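Peer 1: Chain residues, written in single-letter form:
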Amino acid sequence: EPEVTQTPSHQVTQMGQEVILRCVPISNHLYFYWYRQILGQKVEFLVSFYNNEISEKSEIFDDQFSVERPDGSNFTLKIRSTKLEDSAMYFCAIERGTDRTKETQYFGPGTRLLVL
Amino acid sequence: AQKITQTQPGMFVQEKEAVTLDCTYDTSDPSYGLFWYKQPSSGEMIFLIYQGSYDQQNATEGRYSLNFQKARKSANLVISASQLGDSAMYFCAMSEGAGFQKLVFGTGTRLLVSP
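Protein chains in written order, with the numbering used here: chain A, 1 to 116; chain B, 1001 to 1115.
Extracted from the complex, chain A is given alone in its bound form (with noise of 0.2 angstroms):
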């Protein structure tokens, strides 16, 4: 069974417009992260979340982005106006934070994102 669930798996937006890509982990963990994978290229690192704040974030990560977790258990990447090179494969991961994999993260099936 998987760590985290996303939604929706595939996502076809306008250019200018928002997007929210959600998150659902299956378990109550506190550590969050974002990355994206342009096609065909390597996967980066966005945003890490914990304990309801930012805890870290790279120069990708502008004031067009935002994760917040609007109810204790979703988390969300928002996206306020998308833009062309915006379109990738959006990850969420979660660590599970237990003796033996506390560092492991486990990542969602992704979300495919394509701006038109």
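It is worth saying that the hints were derived from the structure and are not from the lab. Wrong hints could be hidden among the right ones.
[To be verified] Computed list of lysine-lysine pairs in DSS-like fashion (alpha-carbon distance at most 25 angstroms, straight line): (1) B/Lys1073 to B/Lys1003; (2) A/Lys78 to A/Lys42; (3) B/Lys1003 to B/Lys1070; (4) A/Lys78 to A/Lys57; (5) B/Lys1003 to A/Lys42; (6) A/Lys57 to B/Lys1003; (7) A/Lys83 to A/Lys42; (8) B/Lys1070 to A/Lys42; (9) A/Lys83 to A/Lys57; (10) B/Lys1073 to A/Lys42; (11) A/Lys57 to A/Lys42.
[What the hints assert, rightly or not] Computed far set for chain B versus chain A, every beta-carbon distance over 10 angstroms: (12) Asp1022; (13) Asn1058; (14) Val1078; (15) Gln1083.
Since the model is a prediction, treat every value here as computed from it, not as a measurement. Where is the CB? At the ideal position from N, CA and C, for every residue including glycine.
We have chain A; now place chain B onto it with these hints.
Peer 2: The following block gives chain B in isolation, referenced to the frame of chain A:
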């Protein structure tokens, strides 16, 4: 400078043979973790194996083992007895520092297993 370097864009192996996927890393932090993930054509990222910088032994998980050579800063993935289902992209990644840290990924190696 690249933190994670994967020099093999593509690798071919025959079914049932072993294959080694190369990964070198660069960090000055004494505490770090090294990870391998598999990405099949469906796109999900599947965790395979983890090696901590202070681990004395090489990590193993079933058919996967990590050849950790600290002095050379390499963390190669060895897949034994390759199967057709192993055909995928493989990414090496590193986290620096103790605790919960972001992952930095390499560019990946595409492995193709032939019958």
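Peer 1: Next step is simple, just say for each hint if it's right about the structure.
Peer 2: Status of each hint after checking the structure:
1. B/Lys1073 to B/Lys1003: 11 angstroms, holds
2. A/Lys78 to A/Lys42: 21 angstroms, holds
3. B/Lys1003 to B/Lys1070: 15 angstroms, holds
4. A/Lys78 to A/Lys57: 14 angstroms, holds
5. B/Lys1003 to A/Lys42: 13 angstroms, holds
6. A/Lys57 to B/Lys1003: 18 angstroms, holds
7. A/Lys83 to A/Lys42: 19 angstroms, holds
8. B/Lys1070 to A/Lys42: 24 angstroms, holds
9. A/Lys83 to A/Lys57: 19 angstroms, holds
10. B/Lys1073 to A/Lys42: 20 angstroms, holds
11. A/Lys57 to A/Lys42: 17 angstroms, holds
12. Asp1022: 15 angstroms, holds
13. Asn1058: Per Cβ check, asparagine 1058 of chain B is outside 10 angstroms of chain A; nearest 16 angstroms; holds.
14. Val1078: Answer for valine 1078 of chain B: holds, closest chain A Cβ roughly 19 angstroms.
15. Gln1083: 22 angstroms, holds
Comparing the model with each numbered hint stated earlier shows that all of them hold.
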